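Number of protein chains: 2
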Amino acid sequence: MSRNKAPHLTPEQFRTRGHQMIDLIADYMSDIESFPVLSQVDAGEIYSSFPVHPPERSESYEKMLQDVKDIIIPGLTHWQSPNFFAYFPSNASGPSILGDMLSSGFGIQGMLWSTSPACTELETLMLDWMVEITGLPEHFHSKNSGGGVIQESASSAALCAAVAGREKALRNGHSEHSQLVGYISNQTHSSAEKSLKIAGFRDHQIRTIEVSSDFSMDPNHLLEMIRTDLSDGKKPAFVCATVGTTSSLAVDPVPQISEITNEFDIWLHVDGAYSGSATVCPEYRHLLNGIENADSYCFNPHKWLLTNFDCDLFYVKKKSDLVDALTFTPEYLRNKATESGQVFDYSGWQVSLGRRFRSLKLWFVIRHYGIEGLRAHIRSHIQYAAQFTQWIKDDDEFELFQKTVLNLVCFRHKEGNAKTRQILETANASGKLFATHTVLNDQYLIRFVPGAVRTEMRHVEEAWKEFKSAAS
Amino acid sequence: MSRNKAPHLTPEQFRTRGHQMIDLIADYMSDIESFPVLSQVDAGEIYSSFPVHPPERSESYEKMLQDVKDIIIPGLTHWQSPNFFAYFPSNASGPSILGDMLSSGFGIQGMLWSTSPACTELETLMLDWMVEITGLPEHFHSKNSGGGVIQESASSAALCAAVAGREKALRNGHSEHSQLVGYISNQTHSSAEKSLKIAGFRDHQIRTIEVSSDFSMDPNHLLEMIRTDLSDGKKPAFVCATVGTTSSLAVDPVPQISEITNEFDIWLHVDGAYSGSATVCPEYRHLLNGIENADSYCFNPHKWLLTNFDCDLFYVKKKSDLVDALTFTPEYLRNKATESGQVFDYSGWQVSLGRRFRSLKLWFVIRHYGIEGLRAHIRSHIQYAAQFTQWIKDDDEFELFQKTVLNLVCFRHKEGNAKTRQILETANASGKLFATHTVLNDQYLIRFVPGAVRTEMRHVEEAWKEFKSAAS
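Which chain is which? The protein sequence lines are A and B, in order. To convert, note that position 159 of the first sequence is 159 in the working numbering; the numbers rise steadily by one, no gaps. To convert, note that position 176 of the second sequence is 176 in the working numbering; the numbers rise steadily by one, no gaps.
Misleading hints may appear alongside valid ones.
[As the list claims (entries may be wrong)] With a straight-line Cα cutoff of 25 Å, these simulated SDA-like cross-link-like pairs (lysine to any residue) come out:
(1) A/Lys5 / B/Pro282
(2) A/Lys393 / A/Thr426
(3) A/Lys63 / B/Gly370
(4) A/Lys319 / B/Val52
Worth flagging that the hints you see were computed from the coordinates, not collected in a lab. Every value quoted in this text rests on a predicted model; they were computed, and no experiment measured them.
Hey, can you work out the whole structure from these sequences and the hints?
Below, the structure written as structure tokens:
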């Protein structure tokens, strides 16, 4: 048996290596435009670049950093590139990286208030600040009936909402789980259906509501389905409405939907994962019309609000609905603070027991940018999308699929699907940009989303030239 | 409408601030013994130290760092203190912090192979390396029927296991969800029951199995309950066995339990969240006897294996069982690599769609420490616990509750519960250490776990003196 000592880093060794790591990250930021945006490696190439067996003995830091440069970086798709226009952005701003470093450095566990009061209370404060910044209803503020918590993602938030809705529907004891029904539209994010299924809803308990011509949920069809289910002895339990669908940023009519869910006492979850960030600007708050009647709401600063993954903000109208569904406190976690009832234990607001100090990064972002800076960030991207839209309108080869919403442009080549797909593949293969596609009404569409932290008008111009060149 | 520009950091501004942040973290590491281990703040104190309203304009970095020192640090319970002996440790080693910084800096999303091949493939390689390092069955290796994935926590892993088990039990179409039954013991971590409930098991579908005198699950009682359920027309679907319970590190008899689960075709999940890390040492591999018959297994390097939260390693014997239960691919995520079937898309192995590049920190840890260093780390803590145990054995005031397992010492004052509780509260209030308690057989016990990265024998000695002094 070896009696070697583990080679822990001293604070001074950590300092030296930390400075080297910061330099590597700062260099990556400087050089990022020199890499092909979409990684060009083949399946299995990264895996087989490394030894099959783990090292017996400590390796040098220099060798590890060299492998990062030689092997890892070529295997990345560069989400932080200003030429990344795919999916939705994943903003990792400087201040959020700094806040996240601090979270890693402290290495605390925020499962209970007592396991680090600052972790719980700063999180509560950030969620309360965001109520003000985005103009949310006062009942989402922690001092009132509701409150907010940071979740890993909109998927986790949807799961917690589905479980809370399920429990609320079963509380009166008149229904069985197998009678419950959940409602989504055919444009709702896959995470909502996945959440319902994880929460035990079977296929026959999930209804897919039709959408109107603008791809938003048709409230008449929702009402009709609910009435049918009720007359069949089912118990409608959960509706997920979306403010900004993934394919086209369609906005489900929350005012009409919430009238229905209120009438039939159904949990309404509003998923604003992407578009919610735009409501830092007063001129986009109308997107959340009707939100005051929702039971829960989430949006992801880790998409478009400068805060690196993971940071989904999840609000509930009534804390007790969530906490009653998700709290289990065994003996070894009991403590005076919890029993006083004066504190929040966020482990009872989420699936996992453990949790990182995630609010630090959001705190750094809000303080560094200020409300003004957050608004300027959002408005810049919307302006780029508006310019790009104008180029398409003025062009004779390409056409818009729909009116541009926020910073998502859906467009196609007039020759149709095959040509459009070929243009996207050619543009992506150039390495100069990365955009993705969707299919709506059987039309293959390029989704172009200028939303990265470092994207400027010049990058959008270059992208437009690239699409034009790929078309010819 | 403001036309201000958002104050994004240039790479050079980030470099300067990053160096300052590294210095703050290195100073925190140096000074950590000077803080009271358990935060002394009152409920609401941190929240009310900050402005009620968010800032309109950008604030200075210096002011933010000052607030970290003046307000946040006093609000922390210092999990990285060498005098932290509470719960289970949450190892944030230097190399893991460096790896996590890189993950934040790259800011990529690993939901699909194509969204950053290095993220998926390095993760696969790390999970395969860990099969070798901890001597797991070959079927957990990615090249065989099974494979592994990094989950947020053992709670998330248990949830995925419960859902996979549920789906397997329902696959033949002969049973309804309401007939399924899940089995835990009264010592199983609360996350297993929570997972079953999230997955839709109602109270009447969860059985709590009795434990033997050593607090391990009684396989005879398990068998009896399963037979009763079968004769009642129920469908046993999921058993969670624990290798190292939270209260006392009891080890459920996986060889006998797995004989039963195999006979009745029930999903067996083995939760090795804490003790699994010890199996890097060949002399503790016997803890996992029988693991070859389990359907899934997890352990947390973010507890005792030098890797900061979140890093739970979750293995399944058959990939398809997990992936079939958790994969939903909408149009906007379709891509050639996925359709080729040659790659893993880890979003289909977990609840959330999005995911961080979490394997980087594990890669840094394994390469920095080497297998030798990982073993030395584990063995040092076990040696400290053995020494502490000897002091108790030689003492006339305190007594052991049970034989010490690994590095968990459960002990009490001979005068009983009230005295033991008072000693723990006095010791914790001193700020010189932090330990927690549990209750077993109605006895209030101090749980003492020397497992922090920087804990040395001298800290364990000081803790012993502190308990002695609190007792007098």
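To see whether the hints hold, each was checked on the structure:
no.	hint	in the structure
1	A/Lys5 / B/Pro282	17 Å, holds
2	A/Lys393 / A/Thr426	22 Å, holds
3	A/Lys63 / B/Gly370	14 Å, holds
4	A/Lys319 / B/Val52	21 Å, holds
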